Amino acid sequence: MNFLPLEELEPTLTDVLAFIDTFESDTTASTASSSDDGKMSPPPLSAVERRKTRKAAASRRCQQKKRAEHLALRAQSRVARAVKDVLDNVTSVVHIEEALRTPPPTHTFQGFVPSLHDAIYGELSSRLGRMYVEINSGFDVGQIQIREVSTGVQVRRDAVTGLPYVELRSAVVTSLDFSQTEKVMMNMKVDHYRKHRKYMSELGTKKETELELRDEEMALALSTLSLSRTYEDENRSIVTFSSLVSDHPVNSAMRFREEGFVMVSKSPTDPQSGSVIQARYRLTPEIGTNPFSSTRAEAQNAEATNMFVLQNLGAVMWAHFQRIQADCIEAQQHPELIPPTDRHRVDLC
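Each residue of the sequence shown is one higher than the one before, counting from 1 in my numbering.
Treat the hints with care, since some could be wrong.
[Unchecked claim] In silico BS3-like cross-links for lysine-lysine, where the CA-CA straight-line distance does not exceed 30 Å:
(1) 55 / 65
(2) 266 / 206
(3) 183 / 198
(4) 183 / 206
(5) 266 / 189
(6) 266 / 183
(7) 207 / 189
(8) 55 / 66
(9) 52 / 84
(10) 84 / 65
(11) 189 / 206
(12) 84 / 66
(13) 65 / 52
[To be verified] What follows is a list of derived Cβ distance ranges for each label pair:
(14) 137 / 95: 35 to 43 Å
(15) 302 / 83: 30 to 38 Å
(16) 94 / 152: 40 to 48 Å
Derived by calculation from the structure, the hints in this document are not laboratory data.
None of the values given here were measured: they were computed from a predicted structure.
Beta carbons: idealized from backbone N, C-alpha and C, even for Gly.
Produce the complete structure using the sequences and hints provided.
Here's what the structure looks like:
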């Protein structure tokens, strides 16, 4: 034998009682016929009692209607929840397929997923635009703006986010004139691009690199997407760059941002026969987007990994800064080592 569920039985019983109340209130206006034992039916109800009975019946009907609507809404909610679960499962499968479509960078690097590839370069392009506006408004031509020159790689903490970061600053004054210093810098840029894949585009020079960081306790393979632009005018030359460093494109828990610039300008004291090279570099980890809170062990592991990457990548950039200074000193001592006028422009094509 099958029984109705409790939530369906209660409104049904309420409706039956409401019907009985309505029927009894309708029959009180007429006199009932005699019963089998010959006795007369009870006297009719008064007007006040009839109003109470009808009010109770109307209340039961209204309550029954509300419960019916509640049951319908509950059924719709169950259907909506089931549909949402199915869509979430489909989305998870799509994300997994998209992640599996890109090989891990430890073995080979074939670029990011195309949709992510364009989005990342677009975001890097906007960063370069903002950086150039800041440089153009904050650095006067012929003035040395960088005062606190770095003496090495130091990991610091951001006062707002609390995240660690590395910032390097350099300012080199040379006895080379502006054009000679520019040639030295562009020659270094050519040598750098020869070691890595580069692509010329309307956004700037795209560069894809892969590197492996290793010490006695940790080893990590990273891939880099970088975008750079060169701005030249009569009195200065600026190279800006911005990069996304990650162990895998879809891993939001392991991403780092690099950005900086190198600017060559005429010397403020001797514009005709002197020049100044100013450079700044900043490396910061991205704030993780994992919605689930990590355990203490996971947090300590992430902190150790961040420090490992910051120190190693910072050391690489610090070596570049040291090479800039060394090449300028060598060019001052041996002017014949300065490349020809148009060599750097030919090699960059």
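Exercise. So which of those numbered hints doesn't the model satisfy?
Worked result: Hint check: 9 fails alone, others pass.
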